[in-house]
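Please construct the entire structure, taking both the sequences and the accompanying hints into account.
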Amino acid sequence: MVGAPSKPGGARAVARCDALRDPPYSDMEGGLYRGYLTPAYAAAQEALTGWMEEAGMQVRRDTAANLIGRYEASRPDVPALMIASHLDSVRDGGAYDGPLGIMLGIECVAALNAKGRRFPFAIEVYAFGDEEGSRFPAAMLTSRAVAGTLERGALDIADGQGVRLAEAGVDPAEYLTARRARGDIFAYLEAHIEQGPVLEANGLAVGTVTGIAAQLRYAITLKGLAGHAGTSAMPLRRDPLPGAAQMVLAAEEVAAADMSDSVATVGRIEALPGAPNVIPGEVRFTLDVRAGDIRRRNRVAEAILARCQAIAAARTLELDVACIHDLPPSPCDEGLMELLDAAHESAGQRVFRLVSGAGHDAMNLGALCPTAMLFLRCRGGISHNPAEHVEPADAQVALAVMLGFLDRLGERHHAR
15 MVGAPSKPGG
25 ARAVARCDAL
35 RDPPYSDMEG
45 GLYRGYLTPA
55 YAAAQEALTG
65 WMEEAGMQVR
75 RDTAANLIGR
85 YEASRPDVPA
95 LMIASHLDSV
105 RDGGAYDGPL
115 GIMLGIECVA
125 ALNAKGRRFP
135 FAIEVYAFGD
145 EEGSRFPAAM
155 LTSRAVAGTL
165 ERGALDIADG
175 QGVRLAEAGV
185 DPAEYLTARR
195 ARGDIFAYLE
205 AHIEQGPVLE
215 ANGLAVGTVT
225 GIAAQLRYAI
235 TLKGLAGHAG
245 TSAMPLRRDP
255 LPGAAQMVLA
265 AEEVAAADMS
275 DSVATVGRIE
285 ALPGAPNVIP
295 GEVRFTLDVR
305 AGDIRRRNRV
315 AEAILARCQA
325 IAAARTLELD
335 VACIHDLPPS
345 PCDEGLMELL
355 DAAHESAGQR
365 VFRLVSGAGH
375 DAMNLGALCP
385 TAMLFLRCRG
395 GISHNPAEHV
405 EPADAQVALA
415 VMLGFLDRLG
425 ERHHAR
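Each residue of the sequence shown is one higher than the one before, starting from 15 at the first, in the working numbering.
Heads up, some of the hints might be wrong.
[Claimed, not checked] Restraint-style ranges between C-beta atoms, simulated for each label pair:
(1) G244 - P342: 17 to 23 Å
(2) H242 - V177: 24 to 30 Å
(3) R166 - E86: 30 to 36 Å
(4) T191 - S88: 27 to 33 Å
(5) E86 - C337: 42 to 48 Å
(6) V365 - E165: 18 to 24 Å
Since the hints were derived computationally from the structure, they do not count as laboratory data.
Where a beta carbon is used, it is the ideal one built from N, C-alpha and C, also for glycine.
Structure representation (structure tokens):
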């Protein structure tokens with residue numbers, strides 16, 4: 015087990031994330047990569063097991079290879095609050111995206127255990143396995159399995175080296191038995207770095223998440239006429255690349271003009287055939303549109319696509335648009351958000367609510383129980399990057415808010 019010096023709980027949570035940056039907890043030298051069911055994943059689970067046991071939890075691993083620490087309630091046979099986040103990382107990622115939420119869950123239990131406190135509900139700290147989908151061509155397999163939303167066919171996959179999930183250390187025939195019954199888990203709490211600059215811009219350490227944004231993703235193909243770069247006169251060209259450039263700018267303009275939480279991103283673009291002396295005959299690009307409300311998302315997406323159609327018509331180009339991803343919003347529970355807000359105030363923090371533009375395991379657990387999320391400030395809004403940084407003082411604030419949330423949740427249960 016990786017040791018950590020005696021520190022306040024928030025600082026210790028950060029230090030433990032830092033301790034898992036390097037081999038054997040990373041599968042790459044000089045950076046962090048911890049894929050699902052890799053040797054680094056197993057080593058990190060071993061370290062977490064020690065920390066969970068030290069905090070006073072009973073630890074097990076389920077059939078989807080999630081690690082679970084359980085802190086029993088003040089009375090038997092009661093449901094549990096799940097506190098969770100993910101243990102895996104992207105390639106060359108940061109130390110806090112995912113693991114910090116697990117470490118803060120452990121610190122909550124450690125603080126309660128040190129005082130001999132228990133609630134009228136159990137607490138289960140989950141370390142989910144593959145939120146990022148950085149090894150296998152699917153994301154959030156483990157939280158979907160727990161929530162009961164995973165189809166068995168999704169398990170017939172292999173990684174980039176051809177290793178099938180069935181060969182990687184789990185049994186697909188048993189995988190879906192990781193599902194929890196609705197009565198087992200009554201609520202879900204996830205602490206996570208914001209992965210954006212909003213909290214930092216407002217000078218805040220933490221914020222209450224209102225929900226995870228609705229998302230639309232399109233694959234767009236624009237066709238013109240390929241030709242020789244030196245012999246095709248400018249007025250006669252049907253070049254799709256300048257048209258695509260106009261469409262990219264249109265996406266930015268429409269989303270910005272909406273003056274809301276809507277965002278639009280072109281993350282990938284490809285010109286074919288891709289030779290320096292050939293006018294492209296075809297351009298392919300992606301368009302990602304997100305907003306906290308599905309109506310705002312759809313309004314912005316429709317406006318962008320209308321601009322794209324007008325650009326294509328003006329340039330005599332063929333436009334094909336295929337929707338490849340349509341995720342509804344995943345709102346957090348209003349009652350749980352109110353408890354988080356009250357916990358902010360008792361910790362001396364200004365109440366602030368914000369939407370998550372990124373997906374999280376919480377969006378899957380919403381099918382099982384009410385959910386809540388707490389965001390922590392990250393420097394520069396940077397994530398999925400070795401420069402990811404969280405101040406220990408901010409983690410200490412987050413821990414205070416989480417403990418205040420637990421107190422209020424306990425009072426609500428006592429009052430029933």
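These are the hints, each one checked on the structure:
The beta-carbon spacing between G244 and P342, approximately 50 Å, falls outside the hinted interval of 17 to 23 Å. In this structure the supplied range 24 to 30 Å is violated for H242 paired with V177, their Cβ-Cβ distance being about 46 Å. At about 33 Å, the CB distance of R166 to E86 agrees with the hint of 30 to 36 Å. For T191 paired with S88, a C-beta distance near 29 Å keeps the hint of 27 to 33 Å intact.
Checking the proposed 42 to 48 Å range against E86 and C337 shows it holds: the Cβ atoms sit about 47 Å from each other. V365 and E165 have their C-beta atoms about 39 Å apart, which leaves the hinted 18 to 24 Å range violated.
In summary, the numbered hints that this structure violates are 1, 2 and 6.
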